[in-house]
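Student: Quick note, the sequences are listed as chains A and B, same order.
Going by UniProt numbering, the first residue of the first sequence is number 1, and it counts up by one from there.
Going by UniProt numbering, the first residue of the second sequence is number 1, and it counts up by one from there.
Source of the hints: derived by calculation from the structure; they are not laboratory data.
What you are looking at is a predicted structure, and each value in this text was computed from that prediction instead of being measured.
Treat the hints with care, since some could be wrong.
The list makes no distinction among identical chains, and a pair is therefore deemed to hold if it is satisfied within one copy or across any two copies.
Cut-off 20 Å, straight-line C-alpha distance, at most; resulting in silico cross-link-like pairs (DMTMM-like, lysine to aspartate or glutamate) [unchecked claim]:
#1 108 <-> 16
#2 122 <-> 150
#3 77 <-> 118
#4 76 <-> 26
#5 156 <-> 6
#6 156 <-> 118
#7 122 <-> 96
#8 108 <-> 11
#9 122 <-> 152
#10 108 <-> 34
#11 108 <-> 152
#12 108 <-> 31
#13 122 <-> 6
#14 122 <-> 161
Number of protein chains: 2
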Amino acid sequence: MSLALDPAAQDLLFREARTANTFTDDPVTDDQIEAIYDLVKYGPTSMNQQPLRIVLVRSAEARERLGEHMSEGNRKKTAAAPLVAVLAADNEFHEELPSQFPHFPQAKSLFAERAVRERSAKLNALLQVGYFIIGVRAAGLAAGPMTGFDAEGIDKEFFSDGEHSVLVVVNIGRPGENAWFTRSPRLAYAQVVTTV
Amino acid sequence: MSLALDPAAQDLLFREARTANTFTDDPVTDDQIEAIYDLVKYGPTSMNQQPLRIVLVRSAEARERLGEHMSEGNRKKTAAAPLVAVLAADNEFHEELPSQFPHFPQAKSLFAERAVRERSAKLNALLQVGYFIIGVRAAGLAAGPMTGFDAEGIDKEFFSDGEHSVLVVVNIGRPGENAWFTRSPRLAYAQVVTTV
């Protein structure tokens, strides 16, 4: 069974793409991130909520502040990556619904309760994190997504409004020397998929 | 700024791909789903957790059972789609870690607490839902992801072990007549991305 997506693209996005643990010194530019965003912004979210927000951590000072909240095992590679993206859910995404989902003007009112919109922001922003990781690879770059950090610390440090929840931190760059561990196995189809 | 991914693949996966609301009668085969899985299984998860589980709802009887838990607005299209995939997090994913993350034998013990592994299962399975939606498009098919349903009802109906949490339900097929609404706008780069 062959896919419609051509094999080179399959390799670039999935089969040969790997989580990088080291990077070269080549910079990652804002133009590259903008090109990635302009592709993955089309990925679907419930009611077009688009709750993902991205903080690009570039300056030495911001890098240091971020490092303090990363878990021990992630600190060194985060300091060394050409660019680090903090990916967070905007729990006030519903403010954008009147412009982003115009054919259903009542959409915003469905999210009057904070708990309801936090749940929806998290779910949809995580789908968008998945799209973003694919987008980094589409740009010919390697992504190093990490979930080991003090979330409350990052939220306070980088989102002073109290309305954002960090989800994943991603190192971005060109893979350096010994960038990969041996690829871990994957679950077999029959372990994952059942039919009823 | 151009991406490494060729423009036809960009269109297939993001720019021209749309959430389908109607489908043709063309069947979606198990072979197609297996080809999709064999591609997207390589998408990264924390410690290779791979918590996503997929139930393909094919039989009329199962379709009926699912329909009862879908929200009113989603019921008809779920009944009409050639194939419906229920995507869930396996909250017992840690049982697979000894085989899936063999170079760190203590991994499983990090998830002894149910609340810890539920949180991690949800986060990583949602990344995998993102990869899966891209994979459906890579197969030349349209996806119709939905979050409007009674989650507790679906969990009880389709996962009798009490260890799975449904996240997203996806209609899959070839787009039918009037399959798309007008594309909604997307947030501008400056509304989503900031640099520090």
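Student: Look at each hint and say if it fits the structure.
Tutor: We went through each hint and held it up to the structure:
For the homomeric pair residue 108 and residue 16, neither the shortest alpha-carbon distance inside one copy (41 Å) nor that between copies (27 Å) is at most 20 Å. Taking the shortest Cα distances, residue 122 and residue 150 sit within 20 Å of each other both inside one copy (17 Å) and across copies (18 Å). For the homomeric pair residue 77 and residue 118, neither the shortest alpha-carbon distance inside one copy (30 Å) nor that between copies (27 Å) is at most 20 Å. In this assembly of identical chains, the alpha carbons of residue 76 and residue 26 lie at most 20 Å apart only when taken from the same copy (18 Å versus 51 Å across copies).
Within a single copy, residue 156 and residue 6 get their C-alpha atoms no closer than 43 Å, and across copies no closer than 39 Å, so neither meets the 20 Å cut-off. For a Cα distance limit of 20 Å, the shortest separation of residue 156 from residue 118 inside one copy, 17 Å, qualifies, whereas the shortest one across copies, 24 Å, does not. Taking CA atoms no more than 20 Å apart as the test, residue 122 paired with residue 96 passes inside one copy only; the shortest distance there is 16 Å, against 26 Å between copies. Taking the shortest Cα distances, residue 108 and residue 11 never come within 20 Å of each other, neither inside one copy (40 Å) nor across copies (30 Å).
Within a single copy, residue 122 and residue 152 get their C-alpha atoms as close as 15 Å, and across copies as close as 18 Å, so both meet the 20 Å cut-off. Neither within a single protomer nor between protomers do residue 108 and residue 34 lie at most 20 Å apart by alpha-carbon distance, with minima of 28 Å and 38 Å respectively. In this homomeric assembly, residue 108 and residue 152 never come within 20 Å of each other (Cα to Cα): the closest approach is 27 Å inside a single copy and 25 Å across copies. When the C-alpha separation of residue 108 and residue 31 is checked against a cutoff of 20 Å, the pair qualifies neither within a copy, at 32 Å, nor between copies, at 41 Å.
For a Cα distance limit of 20 Å, the shortest separation of residue 122 from residue 6 qualifies neither inside one copy, at 32 Å, nor across copies, at 31 Å. For the homomeric pair residue 122 and residue 161, the shortest alpha-carbon distance inside one copy (17 Å) is at most 20 Å, but the shortest distance between copies (25 Å) is not.
In summary, the numbered hints that this structure violates are 1, 3, 5, 8, 10, 11, 12, 13.
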